[in-house]
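Visitor: What follows is the residue order along each chain.
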Amino acid sequence: QQQVKQSPQSLIVQKGGISIINCAYENTAFDYFPWYQQFPGKGPALLIAIRPDVSEKKEGRFTISFNKSAKQFSLHIMDSQPGDSATYFCAAMPGYSTLTFGKGTMLLVSP
Amino acid sequence: DTGVSQNPRHKITKRGQNVTFRCDPISEHNRLYWYRQTLGQGPEFLTYFQNEAQLEKSRLLSDRFSAERPKGSFSTLEIQRTEQGDSAMYLCASSPTKSDTQYFGPGTRLTVL
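Top to bottom, those sequences are chains F and A. Take 1000 as the starting number for the first sequence in this note's numbering and just add one per residue. Take 4 as the starting number for the second sequence in this note's numbering and just add one per residue.
The following block holds chain A by itself, in its conformation from the complex (with noise of 0.2 Å):
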């Protein structure tokens, strides 16, 4: 499979846990983009790298969120100190430059208990 991928794809927490996501783009896709989506709702876009470099946060992302690039490959996001309205999928896509189509990967699906 070729595809994005992510994991894990649920995670059950305590509020006030620390969690980390892990995404893995489409090879040799330079764009890596992370969006959050709630119940009934549509995606809603949080950051995006080109290679490692993180180019746009969105302002739905509080300090107690803070996503990686390191090599330009795979990504991870993390949220601190979490709050139970911080329960949503986790979506993240990839691109190639200069690409408008982004490929989604399946979502880590996050309960805050």
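Chain F on its own, in the form it takes in the complex (with noise of 0.2 Å):
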């Protein structure tokens, strides 16, 4: 039983565009939503996170919408840049406790 699903698996998005990955989830135990991301051969970063109590949280040219209704999160780059191509993973923890992984979706930034 996959707990957290992600999409869309690969992206592609012109530089300045706007690049949108979701996530949904089904363990409501879960409360704590992270986004990694991951370069080759690189281990995954924390990019940003959210708990349940807020619905938005932003940092930079990246912005978490989470709906808790509807057990989904989403991630938005705002004007992307081929810097941010990678792998971004989008996980979930409850508690105090280890990460479910979403997938993953290959991000590819053109010029």
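Treat the hints with care, as some may be off.
[What the hints assert, rightly or not] Interface residues of chain F toward chain A, partial, derived using beta-carbon atoms under 8 Å: (1) T1027; (2) A1028; (3) Y1031; (4) A1044; (5) L1045; (6) F1100; (7) K1102.
[To be verified] Pairs of lysine-lysine residues, derived as DSS-like cross-links and limited to a Cα-Cα distance of at most 30 Å, are as follows: (8) K1057/F to K1070/F; (9) K1102/F to K17/A; (10) K1041/F to K74/A.
[Unchecked claim] Pair ranges (Cβ atoms, derived): (11) Q1080/F to E71/A: 39 to 47 Å; (12) S1109/F to T79/A: 36 to 44 Å; (13) S69/A to N1026/F: 22 to 30 Å; (14) L1045/F to E71/A: 21 to 29 Å; (15) G43/A to G1082/F: 18 to 26 Å.
Bear in mind the hints are in silico, worked out from the structure with no lab data behind them. Ideal Cβ placement from N, Cα and C applies to all residues, glycine included.
Fit the two chains together into the complex; they arrive one by one in their own frames, and the hints show the way.
Guide: As structure tokens, then:
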């Protein structure tokens, strides 16, 4: 059973455009929702995270939108740049525990 | 560099051999996690430690896998009698107690021939 479903699997966006990646979860015990960015050959790096007491969180060009009733959350990357080309993973965690990751989205930002 | 470090970065072994990986967490991080990532997939949880105590193990962690954190600092992950299906990136992460954020190391890529 896949507890965190992520889409799309891959995404191509023009430089300056908006990249949108979506995730859905099933376990209502999840209460922490991070997004990680991973470059080839590197470990995942935390990008931005949200708790369900807020519906949106923005840090620079990155925004998480959270819909608790729909059990969905999404990452928006504004003004996408070629340096943003990477694989993005959503994840979820209940309490201070272990992360359950989505399958990842490979983002390519074309110049 | 004060991040999570992992050694070796790459390991190639033959089927049936034993391998051991090491993870050095960020200093003073009490929690240490092991995840496995196969090609095209997200990381999957294997096990985690609070100081030297192993608190949880995934059912993915077969009896060929063993992890230790003897002094509550670095950790080792050993795989006995490796199989081709063990080929993956093994990621280590650490966090302070009562913190959401897990900081990942660069991983050890295992190839079993």
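Visitor: All the hints need checking, so say for each whether the structure fits it.
Guide: Here is what the structure says about each hint:
1. The closest approach between the C-beta of T1027/F and any C-beta of chain A is roughly 18 Å, which is over the 8 Å cut-off, so the hint fails.
2. Against a cut-off of 8 Å between C-beta atoms, the interface hint on A1028/F is violated, since the closest Cβ of chain A lies about 14 Å away.
3. A distance limit of 8 Å between C-beta atoms decides the matter here; for Y1031/F the minimum to chain A is near 5 Å, and the interface restraint holds.
4. Because the closest C-beta pair between A1044/F and chain A is about 7 Å apart, less than 8 Å, the hint holds.
5. Checking L1045/F against chain A by beta carbon gives a least distance of about 6 Å; that is within 8 Å, so the hint holds.
6. The closest approach between the C-beta of F1100/F and any C-beta of chain A is roughly 3 Å, which is under the 8 Å cut-off, so the hint is satisfied.
7. Annotation: interface hint on K1102/F holds; nearest CB of chain A at approximately 5 Å, less than 8 Å.
8. Straight-line distance between C-alpha atoms of K1057/F and K1070/F comes to about 19 Å, which keeps the hinted pair within the 30 Å bound.
9. Taking the CA atoms of K1102/F and K17/A, the gap is near 28 Å; set against the 30 Å cutoff, the hint holds.
10. At roughly 27 Å between alpha-carbon atoms, K1041/F and K74/A fall within 30 Å of each other, so this suggested pair holds.
11. One distance hint, 39 to 47 Å for the beta-carbon pair Q1080/F and E71/A, holds here, with the actual separation near 42 Å.
12. Distance hint for S1109/F and T79/A: a CB-CB separation of about 43 Å, consistent with the stated range 36 to 44 Å.
13. For the pair S69/A and N1026/F, the supplied restraint of 22 to 30 Å holds, since their beta-carbon distance comes to about 28 Å.
14. The supplied range of 21 to 29 Å is met by L1045/F and E71/A, whose beta-carbon atoms lie about 26 Å from each other.
15. Checked against the given bound of 18 to 26 Å, the beta carbons of G43/A and G1082/F, roughly 22 Å apart, stay inside it.
Checked against the numbered hints listed earlier, the structure breaks hints 1, 2; every other hint is satisfied.
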